[in-house]
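Protein chains in written order, with numbering that gives the first Met the number 0: chain A, 0 to 519; chain B, 0 to 519.
In short, the hints are calculated from the structure, not lab data. All values derive from a computational prediction rather than experimental measurement. Any given hint could be a false lead.
What the hints assert, rightly or not - Derived pair list, reagent style BS3-like, types lysine-lysine, alpha-carbon separation capped at 30 Å:
| hint | chain 1 | residue 1 | chain 2 | residue 2 |
| --- | --- | --- | --- | --- |
| 1 | B | 399 | A | 385 |
| 2 | B | 45 | A | 270 |
| 3 | B | 168 | A | 28 |
| 4 | A | 146 | B | 70 |
| 5 | B | 399 | A | 70 |
| 6 | B | 185 | A | 319 |
| 7 | A | 185 | B | 270 |
| 8 | B | 146 | A | 173 |
What the hints assert, rightly or not - From the structure, some residues in chain B lie toward chain A, with a derived Cβ separation under 10 Å:
| hint | residue |
| --- | --- |
| 9 | 57 |
| 10 | 145 |
| 11 | 175 |
| 12 | 311 |
| 13 | 324 |
| 14 | 373 |
| 15 | 472 |
| 16 | 473 |
Think of the CB as a built atom: it goes at the ideal place given N, C-alpha and C, for glycine as much as any other residue.
Here is how the chains run, residue by residue.
2 protein chains.
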Amino acid sequence: MSEQDMLFDESGNLSQSAPTNASNEAPSKWKILIVDDEEGVHTITKLALNRTQFAGKGLSFLSAYNVAQAKKILSSENDIAVILLDVVMETEEAGLEVAEYIRDVLNNHLIRIILRTGQPGTIPEKDIIEQYDINDYREKTELTKRKLHSTVYTALRSYRDMLALENHKIGLEKVIAATANILKQKSMASFAQGVLEQVSSLLYMNDGTMQPEIKGVLAEKDSDDVHVLAQVGDVSAQAFQSSISQEELDVIEDSDQALHYQEDNICHISKMNGVETILNITGKHEFKDVDVHLIEMFCNNMAIALDNLRLNDSLRNTQKEIVYAICGLAESRSKETGNHVRRVAYYSRLMAEEIGLSPNQCEELFYAAPLHDIGKISVPDYILNKPDRLNDEEWELMKKHTTVGENCLKCSHQPVMQAGAIIASQHHENWNGHGYPQGLSGTDIHIYGRIVALADVFDALASKRCYKEPWGEEEIVAYIHKQSGVKFDPQLVEIFERRQADFFRILQEYDDNQSYLSSV
Amino acid sequence: MSEQDMLFDESGNLSQSAPTNASNEAPSKWKILIVDDEEGVHTITKLALNRTQFAGKGLSFLSAYNVAQAKKILSSENDIAVILLDVVMETEEAGLEVAEYIRDVLNNHLIRIILRTGQPGTIPEKDIIEQYDINDYREKTELTKRKLHSTVYTALRSYRDMLALENHKIGLEKVIAATANILKQKSMASFAQGVLEQVSSLLYMNDGTMQPEIKGVLAEKDSDDVHVLAQVGDVSAQAFQSSISQEELDVIEDSDQALHYQEDNICHISKMNGVETILNITGKHEFKDVDVHLIEMFCNNMAIALDNLRLNDSLRNTQKEIVYAICGLAESRSKETGNHVRRVAYYSRLMAEEIGLSPNQCEELFYAAPLHDIGKISVPDYILNKPDRLNDEEWELMKKHTTVGENCLKCSHQPVMQAGAIIASQHHENWNGHGYPQGLSGTDIHIYGRIVALADVFDALASKRCYKEPWGEEEIVAYIHKQSGVKFDPQLVEIFERRQADFFRILQEYDDNQSYLSSV
């Protein structure tokens, strides 16, 4: 009873829970569960299979003597390869109950079930074979040492093949989930980071090694410049750049994609629209064919998704730059510089983030804010450039730039244009209701209008205009403070005062002596 | 010898090639290949297994009597489930040669190999089991009718399970390839069509039925309107719209995605950023759990990809509308209407397509052409609106709008802006070299510049301006014809003359009495 004592205490409970291997990977030995109520059968089985080896690994044995023990072991060990299962134990059909439990309750379809019977039971063999999802049915008498070896050996072979298919299936499902995951990333930085994380998890899903052991770099190569998008693990971008040989880069000249691997290094290179993307993974991991296959499929989807993301980035940048360029040109009629509209975009986004608008709204405002003065295109030159005070008639014409801008933008259904229409219309409204064109007050003024109003005035005060020199920092701060609750939303004035340093940083960063597109 | 005669002629060749089932799906009967040099074994095996049924299907038998025949059948029939394989035939190891051929040459790892031996061969059982990838090893004497049934039955069970895993694996690989396929689609129309095609091929990959039997609709629902994006098969969009119950649409209020299926109908609904996407598939096909699983994974990726595509569309439209709106406003200073820039975009794309520019270039030109007169923003009002002839000084200022526009746009690296800079700079150059600002001639003028030059003049002639009434159709055509090789590229004048009707259609479609954003 020594084997039994090792696993069970007197009450028949497991005396210590066996270490479970949560992964689907085969353990270092093939686990065989022997279920029989006769101790002799356990002993002789282990003796017979003592020296059996399959695929370079030996066997380890677990023993159960009744249904309850068998169920307990089966539910805590999910990597048993083969069960040698006695039919008649405490009941005539005890073994069949265990077989049903494995398939129907545990939903384990991998473990190979070899039914062994000492005496013909009440159910004929044909019925057992057909009604229970078992893999072999043998009489104990026919199982000589030689036959037992053959039976267990072929069962292990089946188990290994099914496990490989199952693992491959899991890998493919992970590729699909990983693709969905990276497709959701809208920025290049989060996309690149997502790709490396997904690759790591693809590679290490069945492996006991720690994920941090992976080192990965995702980079893009444009003309001659290699630019690292993201990296995982302790790898210097420089070392990576020099490790890519020219041959590796040349090999894809003829095809769109190429995957190289050797020992612990996988390199995938893809080329789309003139940009090469290089994914390099190294780690204390030997890359198997199945890994390479999964990585290849994933990288194929990644390359296409990345191309879409680049298109997206390019559309966004084009939109931004067109607005900066044209609005800058429009501002230049009144001798202002193009950087005014750009700075207003940055101050506005800063306030929007600080006041807690959603990321979507912050972005919308960022792209729409430069459109605030677009209506000035229709204001005559002589009014725009008059250094003296405007007379009443001129002032009425000047004020019309708000509604002209609104009408120009509001026909569109595009969110950025809608936001632009609101901003054009409301950026001269005052918190106290004394602004124009509508005389709206307080929160009747859209938050976009309130934000751009402060951003526009701050930048005007800090800049040189045809009718004034730039104000000093203290003067500006004092003026804005005084206008809290008058011209400006008090909450935004508070934000301005808290983030004052950032306002002046933006003012300097995009000052009027710089080309307004230089750092787009 | 009747069975043998049926399959083989006297020379031992297959007398008629058996119909192959190229798919991996199990056929209507399980195919069992008996390989044995004794006719009696064939007869008795078939007799013993005559009434064996597994998973509702009976068995069909193929017979081979030597290695050559076995190889021939195995290589033409890829859906044999089980082979009962004699070891000793024309040689001591003939059966082992067949086993090796199956695994190593045919690379068939699904077929279950049951080795049967009449006499102990020269190689011990242990070695055979370990060295050959077989699934069972039996002595003929031990295989009673009952035992043969058990052995074949459990082998069929293994085969079915592995086939299911293998088919699932193939399905998953198809999902990945299908995702890559739809990710490559850049337009909504080709994307939607691609989705339906990929779903059809996912559903029918293992099925003998014809793909045309599928009916599918991909639609989106925005607020209250259902809009069909693509459809496959004979299904009316109206019928589809009324077939979706409000309950189905309501069910996703709480979650992002939902999949319903019943008998021959699958409906997947996903919701992202306020737009519901509905994919409905019906067909003479009973949807199985595995189908549903694959469709669900595919639809998940599709929904995300569609969201990205919508974002791209929206960015593209925003860019176009901002340019129309602002350039329209700029044109309005000289009392022209916003629709001028819009029409110039359409004439230009028409000529670009006709002259054979790439789709990329056509699109680039379409988005950049409206920027041609952007430099006029800096031309003083009194010059723009002077009804009389400009004096030399005024004319020099007017001509500067080309280089001002170029300088405004050329700082950007974005392709659309680069194209805009070229167009702003060159749209007043003449084919004969007498244009401005540089006096370029012939093909030294960029094709974009040559195209927009003709488009701009055509539209100016056909429109009312502050200094002129619109010209009549004949006058316009005569003028452009006369300017071939003078102002305009002769090849473009030819295109104009060939597509004249389309030019006047565009002129009418976006005429000056329409809101310039009405049909964006």
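These are the hints, each one checked on the structure:
1. 399/B x 385/A: 24 Å, holds
2. 45/B x 270/A: 59 Å, violated
3. 168/B x 28/A: 27 Å, holds
4. 146/A x 70/B: The given pair, whose Cα atoms are some 29 Å apart, holds under the 30 Å limit.
5. 399/B x 70/A: 89 Å, violated
6. 185/B x 319/A: Satisfied, since the Cα-Cα distance of roughly 22 Å is no more than 30 Å.
7. 185/A x 270/B: The hint holds at about 18 Å.
8. 146/B x 173/A: 42 Å, violated
9. 57: 14 Å, violated
10. 145: At 6 Å from the nearest chain A Cβ, residue 145/B passes the 10 Å test, so the hint holds.
11. 175: Holds, about 5 Å.
12. 311: This hint holds: residue 311/B lies near chain A, its Cβ roughly 6 Å from the closest one there, short of 10 Å.
13. 324: 5 Å, holds
14. 373: 6 Å, holds
15. 472: Violated - the Cβ of residue 472/B stays beyond 10 Å from chain A, reaching only about 30 Å at its closest.
16. 473: 35 Å, violated
When each numbered hint is compared with the structure, violations occur for hints 2, 5, 8, 9, 15, 16.
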